[in-house]
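Undergrad: Since the structure of chain A is already known, use the hints to place chain B on it.
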Amino acid sequence: MLNSIKMSEDLKNLLYSLPEIDVESLLGSYQKPMRESIRINTLKAREEDVLYMLKEKGVELEKIPWARYGYWVLNDFNISNTIEHMLGLVYIQGAVSMAPVEVLSPKPGELVLDLCAAPGSKTTQIAQFMQGEGVIVANDVNLKRIRALSSNVQRCGIINCIITQADGRRFPLWAKGFFDKVLVDAPCTSLGIVSKDWGAAKKWSFRASERLSRLQLSLAISGFECLKVGGTMVYATCTLSPQENEWVIDRLIASKPNARLESINLEGLKMKKGLLEWQHEKFNPEIERCVRVYPYEHEAEGFFMAKIVKESDGP
Amino acid sequence: MKKIVLLNSSKKSAFQTLLERQYGAEDFSDKVLIQAGEGKIRLTTSDTIKVAEKMRGVQSLGLYIAKIEGQEVVLSIEGSQILCNRITRNRIELTEEQAKLWMGGAPIQLDKFTAVKYVVAFYKHLCLGCGRVSADGKVYPQVPKWRRLQQEQLRTGFT
Chain A
1 MLNSIKMSED LKNLLYSLPE IDVESLLGSY QKPMRESIRI NTLKAREEDV LYMLKEKGVE
61 LEKIPWARYG YWVLNDFNIS NTIEHMLGLV YIQGAVSMAP VEVLSPKPGE LVLDLCAAPG
121 SKTTQIAQFM QGEGVIVAND VNLKRIRALS SNVQRCGIIN CIITQADGRR FPLWAKGFFD
181 KVLVDAPCTS LGIVSKDWGA AKKWSFRASE RLSRLQLSLA ISGFECLKVG GTMVYATCTL
241 SPQENEWVID RLIASKPNAR LESINLEGLK MKKGLLEWQH EKFNPEIERC VRVYPYEHEA
301 EGFFMAKIVK ESDGP
Chain B
1001 MKKIVLLNSS KKSAFQTLLE RQYGAEDFSD KVLIQAGEGK IRLTTSDTIK VAEKMRGVQS
1061 LGLYIAKIEG QEVVLSIEGS QILCNRITRN RIELTEEQAK LWMGGAPIQL DKFTAVKYVV
1121 AFYKHLCLGC GRVSADGKVY PQVPKWRRLQ QEQLRTGFT
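Protein chains in written order, with the working numbering: chain A, 1 to 315; chain B, 1001 to 1159.
With the rest of the complex left out, here is chain A:
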């Protein structure tokens, strides 16, 4: 199996360095398309009405247990080319990619920052949870990706969203201590979505992962600084490398004594605890509260998530 998919030597070494991963199952999942899933956009229509419309068209759906408005698409049906999709009644989104916003659990009336927002799947999901009350700031550094974000925010009918283009690392300069909730869905080496892009496996390297991890740490610190006291941040990536996951959170809590990691529980989502040790490096025992979701568990994306609360004003 290892030879049937083109992987860099670094990636092979990484996979066999992860203590709990089922490498054969992982490689099998890399070679299969992920199960299609959608989210019903209740900002535009009632969930039951959209379900009825899709059912009439012949779409077979099954509820995703951990995602409030999420459904698996069971049959072969091109949802992206339906009126319901174009009108913004449904949003095509990976089933596990719905998990970070479920963990963040934004409420109506809150101020929420999505620091790396494009193309907007999670921004539009946050907006749905907020029901038009409160404000979402959806930021991205890349103007081209912001166009996709704007389109999706428009299609989903969101009135309380501000789209900004800025380097996420600079956000505390104008928004320190401002937000109730922050999502840092950081750019990563994408080892959780290789079945969408085999290139990620072919070009993966420890060096690139390490380089990205420094950016990820800066973004995580920035996001944390933008939280109000008592606010919650979710840090998420769609990769498996501990360098971009546990290492980042370990360094974050080491540099921010007022950061506390919280446990994550989502019904029906098969998760593993964060690693406490990797390549002779030991992490803070709290890291165990982070979670890893492997792509083969649900024929969906692989994800890492950490939920961090700001307990007090920092030093």
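Worth flagging that the hints you see were computed from the coordinates, not collected in a lab.
Check each hint, because a few of them may be wrong.
Listed next, the stretches of chain B that the computed footprint assigns to chain A, with coverage defined by at least 3 CB atoms under 8 Å from CB atoms of chain A [stated by the list, open to error]:
(1) 1059-1070
(2) 1123-1137
(3) 1144-1150
Below are the DSSO-like pairs computed for lysine-lysine, each with C-alpha atoms no more than 27 Å apart in a straight line [said to hold, decoys possible]:
(4) Lys1067/B x Lys144/A
(5) Lys176/A x Lys1050/B
(6) Lys1100/B x Lys55/A
(7) Lys202/A x Lys12/A
Some but not every residue of chain B turned toward chain A, in silico, with C-beta under 7 Å [said to hold, decoys possible]:
(8) Thr1045
(9) Asp1047
(10) Ala1052
(11) Met1055
(12) Met1103
Remember, it's a predicted structure, so these values are computed and weren't measured experimentally.
By construction, the Cβ of each residue, glycine as well, lies at the ideal position given by its N, Cα and C atoms.
TA: For chain B alone, coordinates are given in the frame of chain A:
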């Protein structure tokens, strides 16, 4: 950041008059409307404006709902969806086949002549946005290219 320009009361009132005349729709009088250049109007909340004034690098805020072209209001898909059942004038009802064509950006031939410049299309209870009526009685849907159904799949049967 570009200055956020709220629609002042006289402009808001002019907008409401146009909406009423064209679509018989109730207005957006209880909503916060902002100008977004080239006659475009966006809908948002007062809290969103307050937060936007604090942010840097603001690209956009709120929802694009309409564009004013001379004495005509062209509703976006979202603008028409917000007004939806309150639109009582210049509305056309489409069949399923016509709705697919509409969302593919293809013109729809009207059964009877209409002298108006824009109509709003409905399919069942869904609002599909505005279309421009041409002299030959065809309606050209104002569906942005990125929201159009793919023509190839429309020809081969809707999936």
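Undergrad: Hint by hint, note whether the structure agrees.
TA: Now for the hints, and whether the structure bears them out:
With 6 residues having a beta carbon nearer than 8 Å to a beta carbon of chain A, the region 1059-1070 of chain B meets the requirement of three or more and the stated coverage holds. Three residues within the 8 Å Cβ limit are the bar, and the region 1123-1137 of chain B against chain A gives 3, so the coverage statement holds. Under the rule that three or more residues need a Cβ within less than 8 Å of chain A, the assignment of the region 1144-1150 of chain B holds, with 5 such residues. Our distance criterion of 27 Å between C-alpha atoms is met by Lys1067/B and Lys144/A, whose separation comes to about 24 Å.
In summary, the hint linking Lys176/A to Lys1050/B is supported, as the alpha carbons are separated by about 16 Å, within the 27 Å threshold. For the given pair, Lys1100/B sits about 18 Å from Lys55/A by alpha-carbon distance, which is consistent with the 27 Å threshold. Of the pairs offered as hints, the one joining Lys202/A and Lys12/A holds, with about 10 Å between alpha carbons and a cut-off of 27 Å not exceeded. Interface hint status for Thr1045/B: upheld, as the beta-carbon distance to the closest one in chain A is roughly 5 Å, under 7 Å.
For the restraint placing Asp1047/B at the interface with chain A, the shortest Cβ-Cβ distance is roughly 5 Å, inside the 7 Å limit, so the hint holds. Against a cut-off of 7 Å between C-beta atoms, the interface hint on Ala1052/B holds, since the closest Cβ of chain A lies about 5 Å away. At about 5 Å, the closest approach between the beta carbon of Met1055/B and any beta carbon in chain A falls short of 7 Å, and the interface hint on this residue holds. Given the 7 Å rule on beta carbons, the hint for Met1103/B holds: about 5 Å separates it from the nearest Cβ of chain A.
Consistency note: the structure conflicts with none of the earlier hints.
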